[in-house]
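J.: Here is what each chain is made of, one letter per residue.
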Amino acid sequence: MHTLTVSELAAGLRARKFSSIDLTLHFLGRIERLGPELNAFVTVTADRALADARAADETLARGEGGPLTGVPVAHKDIFCTDGIRTTCSSRMLSSFIAPYDATVVARWRAAGTVLLGKTNMDEFAMGSSNETSFFGPVRNPWDPKRVPGGSSGGSAAAVAACIAPAATGTDTGGSIRQPAALTNLTGIKPTYGRVSRYGMIAFASSLDQAGVLARSAEDAALLLEAMSGFDPNDSTSVDRPVPNYAAELNQPLKGLRVGIIREFFGAGLDPAVENCVRAAIAQLQQEGAVIRDVSLPSLPLSVPTYYVVAPAECSSNLSRFDGVRFGHRCEQPKDLLDLYKRSRGEGFGAEVKRRIMTGTYVLSAGYYDAYYLQAQKCRALIAADFARAFAEVDVVLSPTAPTAAFELGAKTSDPIAMYLNDIYSIAANLAGLPGISIPCGFVDEGGKDLPVGLQLVGPHFGEARLLAVSHQYQQHTDWHERIAPGYA
Amino acid sequence: MSLTRTQVEGIAHLARLEISEAQMPVYVDSLSRIIDFVEQLAAADTAGIEPMAHPLADQVQRLRPDAVSETDQRERFQQNAPSVAAGLYLVPKVIE
Numbered sequence: 001m002h003t004l005t006v007s008e009l010a011a012g013l014r015a016r017k018f019s020s021i022d023l024t025l026h027f028l029g030r031i032e033r034l035g036p037e038l039n040a041f042v043t044v045t046a047d048r049a050l051a052d053a054r055a056a057d058e059t060l061a062r063g064e065g066g067p068l069t070g071v072p073v074a075h076k077d078i079f080c081t082d083g084i085r086t087t088c089s090s091r092m093l094s095s096f097i098a099p100y101d102a103t104v105v106a107r108w109r110a111a112g113t114v115l116l117g118k119t120n121m122d123e124f125a126m127g128s129s130n131e132t133s134f135f136g137p138v139r140n141p142w143d144p145k146r147v148p149g150g151s152s153g154g155s156a157a158a159v160a161a162c163i164a165p166a167a168t169g170t171d172t173g174g175s176i177r178q179p180a181a182l183t184n185l186t187g188i189k190p191t192y193g194r195v196s197r198y199g200m201i202a203f204a205s206s207l208d209q210a211g212v213l214a215r216s217a218e219d220a221a222l223l224l225e226a227m228s229g230f231d232p233n234d235s236t237s238v239d240r241p242v243p244n245y246a247a248e249l250n251q252p253l254k255g256l257r258v259g260i261i262r263e264f265f266g267a268g269l270d271p272a273v274e275n276c277v278r279a280a281i282a283q284l285q286q287e288g289a290v291i292r293d294v295s296l297p298s299l300p301l302s303v304p305t306y307y308v309v310a311p312a313e314c315s316s317n318l319s320r321f322d323g324v325r326f327g328h329r330c331e332q333p334k335d336l337l338d339l340y341k342r343s344r345g346e347g348f349g350a351e352v353k354r355r356i357m358t359g360t361y362v363l364s365a366g367y368y369d370a371y372y373l374q375a376q377k378c379r380a381l382i383a384a385d386f387a388r389a390f391a392e393v394d395v396v397l398s399p400t401a402p403t404a405a406f407e408l409g410a411k412t413s414d415p416i417a418m419y420l421n422d423i424y425s426i427a428a429n430l431a432g433l434p435g436i437s438i439p440c441g442f443v444d445e446g447g448k449d450l451p452v453g454l455q456l457v458g459p460h461f462g463e464a465r466l467l468a469v470s471h472q473y474q475q476h477t478d479w480h481e482r483i484a485p486g487y488a
Numbered sequence: 001m002s003l004t005r006t007q008v009e010g011i012a013h014l015a016r017l018e019i020s021e022a023q024m025p026v027y028v029d030s031l032s033r034i035i036d037f038v039e040q041l042a043a044a045d046t047a048g049i050e051p052m053a054h055p056l057a058d059q060v061q062r063l064r065p066d067a068v069s070e071t072d073q074r075e076r077f078q079q080n081a082p083s084v085a086a087g088l089y090l091v092p093k094v095i096e
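Heads up: the protein sequence lines correspond to chains A and B, in order. Residue 214 in our numbering sits at position 214 of the first sequence, and the numbers go up by one each step. Residue 6 in our numbering sits at position 6 of the second sequence, and the numbers go up by one each step.
Next comes chain B alone, as it looks inside the complex (with noise of 0.2 Å):
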């Protein structure tokens, strides 16, 4: 099956990526490749098969207590962010 380029423009967006003027028709290509081949999959017989979600059948969730176990490392971790002010994380104003 061919993407068309609006198509994957909407997809683009959906996934918050800019993709340049020049680059669009490369991922147009590839990736109706890559949908196109990975739709022999519509062939194989499946009817009554669980969905597989998880590799070990018989693995269950834990569950901890509901207790603190972390310590605060604010000013650590956000050593790596961007832009910070006063423990806070600054981004483009979102509320005119």
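In isolation and in its complexed conformation, chain A is listed as follows (with noise of 0.2 Å):
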């Protein structure tokens, strides 16, 4: 039951083939089997999963319901859910009780899916291998001496292992297409203002997407279109419609114009990792796609703009954590500036203190200028160069990450070589552009198979292209259908 996508346990729900309820304890008990060894879940929710289940039953009963109604999903611990502990995977708001949800919560819930629990991450989202969580490191399900990249690790290894069938994640510089990538999924950061951020606890609000870590392209069809759309309570959401995501998927690959980024498959890409895209790029152009080479001049600046603007908003952002209104507080403060900085001091890992450390940096008196300014600018080079090659192809294409899975503890004392992780991911975000990663191979690493995925970005608003180019190139591989070995 556990290997079926989205789609097809929906089918099986209508069929009664087998209750939500039979579906819950089934990942349930998978997650209280498998959960601890990858550290997925910081909070499992089994009484609400099983309530939630109940009631699906009772809507399918009635011969009610969504093509999401009973499917059991999981939350990255960065999504408030109501009445539930949400952490954001640190010290800080350890004990924190959500008091109302976040609206990607409550769409999922209302499409009827099942709570079945909330995600291990890095801590505020501020990482790229989920080892900078309070509550440990999240596992690789392909080797658990690797890390499951971050920061949505904790949803990419619950996915990947399939004690989830699908989870959400969120994406400031690369953290669900990333993780997606290092684990063989299928995930999707939409445009940015296409899904609401309101409950959604803010990293770098000008950058921030929630989107969805799923087995196939379309089962994220399915999921964003349930997450998407306006909402009142998000300033920077956008009134727009929101497609049929999953009726748009049989768009034809013929004829695809796809552009191949010159600056993307240059030094540091893992030559074993770029055969598996040039792969992926042949059997496109045999299924009828129009092959170019474009060159975006200013995205070899994209990592360092981002770690300018993206420490800034955090800077400003984790300003509201002061240990007064909710979350961490030290013992005995003797005075408020005590109280502020040693509450901080000890509810922030090294991690998030460094950024909020280098965005008040560079947004200081004096500095503000040659830092955030310049940094701002160069993000309008990178918007303009994703621009001008949109009025030439569809799509674009390069690696996701420039390597497969990296070991536990290999980059955590280097900031920079953690950063650059993300160097094919982080424009998009820049741009505010939707982008998705999908399975495109394998790399052998001391005789383990580790996943390769591609990434895909389009013109705003294009998630419907990106899904079916996607679901086209899954309808020819079967890259995506492999599970790590030990949890098929």
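It should be emphasised that the hints constitute simulated quantities derived from the structure, not laboratory data. Among the hints, erroneous ones may be present.
To be verified - Every beta carbon over 10 Å from chain A, so not counted as near; a handful from chain B, in silico:
{"id": "1", "residue": "Ser-2"}
{"id": "2", "residue": "Glu-18"}
{"id": "3", "residue": "Glu-21"}
{"id": "4", "residue": "Ala-85"}
Claimed, not checked - Derived, one-sided and incomplete: chain A residues facing chain B with beta-carbon distance under 8 Å:
{"id": "5", "residue": "Lys-254"}
{"id": "6", "residue": "Arg-278"}
{"id": "7", "residue": "Ala-282"}
{"id": "8", "residue": "Tyr-307"}
{"id": "9", "residue": "Ser-315"}
{"id": "10", "residue": "Phe-326"}
{"id": "11", "residue": "Tyr-371"}
{"id": "12", "residue": "Leu-373"}
{"id": "13", "residue": "His-460"}
The beta-carbon is built from N, C-alpha and C at its ideal position, and this holds for glycine as well.
Make the complex out of the two chains shown on their own, each in a separate frame, by following the hints.
T.: The structure is reproduced here in structure tokens:
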């Protein structure tokens, strides 16, 4: 049952092959058995899951409900869940009970999904390996010595190990796409403003977007549609109709213009990863896509631009954690300043503190123009490069990440090495563009097969095309159907 | 560019973060490396480029009627507070 896709589970539920209670008990059993070794969940919501499942079964028995009714899912622990602990994998929020549902949570709930639990992540979504979590690192189901990527590492590991059929993620610089690539999943980050950020704990507000980690593009289409759309509670939400993504999956590859980003096939890219991506390009060409070389010369600025913009926004957003209204408070503060400093010093982990301080520095008097303003101008250059490319091609293609999954601890002592994991994914966030990562092969590392992902980026609100290209590719390949040994 | 220990102490103070003596050298080193890394942006030619603060150029801030839309949930929200009394948040004495 656990290897079925969301679409297959939905069909099984409607045909009464199994009930939502059956499914939910099965997945809760797998979480109990396999969850601890992966450390994928921060909180398992068994009682809530069973209540949701009972309600879904009643809906289905009345012949009602939609395509997701009764399907179990997991939420990244960055989304507020009413009455359920919401930690952002931080000591700061380790006992925070959210008083309301994030819009994404509310929409999936209204669609009839069953909440299995909250997944582990890099603290406040700051990391690319899920090693900055207060609750410890998540392990990659393909090789437990390796990271699942981050920051949505718990969601990725849970779906890749088939202990949840699908999960939410958030992506500020690659946090859905990079873990999807490292765990053989399909992960989509939609256009900025497509999905509401209400109730999604803020990291960098001009970059953060919610999205989906799933085992196929078809699943991602169903799940993305259910979370998308205008929300008056998010001032940056875009009021624009949501397409029926599932209905558009059959757009043919023939005639599709694919731009291969020249700047993303250079130094630093693992040759074995490149081989997989090149083979996928050949496959797309064989299916009728028109392949073109495109140059986006400002893209090499993306990582340094991001590491000014994102920390700046983070330093501002995380100032709300003051030890007064919610969150961790230090013992015996001697005055208000001591309360602030020790509560924050104790409540935040090392990487979060590093980013807050980076942001504080680049925004401080005398440095603002040189760093922050210059980064915002570089951001405009990057966005303009994409706009020029999309005048010539429908989508652009690159690897999702420069290497397959690396070993735990391999990059924790060097922040720059860690930041460069997101070298190909960050630009889409800076330009607000939708991006998807899909499985495109495997590399052999020490006798283990490790998945490789390719990334497609489209113009603003081009999600339907990205999902359709991915779905068509998945009709001709079976990389996405492979499941990590021991979890099938 | 290398940051000095004094500079990092100043940043930590502005950010209201207590950093232990033992950890301070680690932050001096890693923040210096990050600032050094982002320094490369200075070489980009951005003459005449408008800074971009929002990823969608044509978005405008929406307005809503200035009307009460929230209900009073103070007690519920204060359940997450470290210290409250009589509906108020408690902090150490601010004015002597």
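J.: So which of the earlier hints does this model not fit?
T.: 2, 5, 6 and 7
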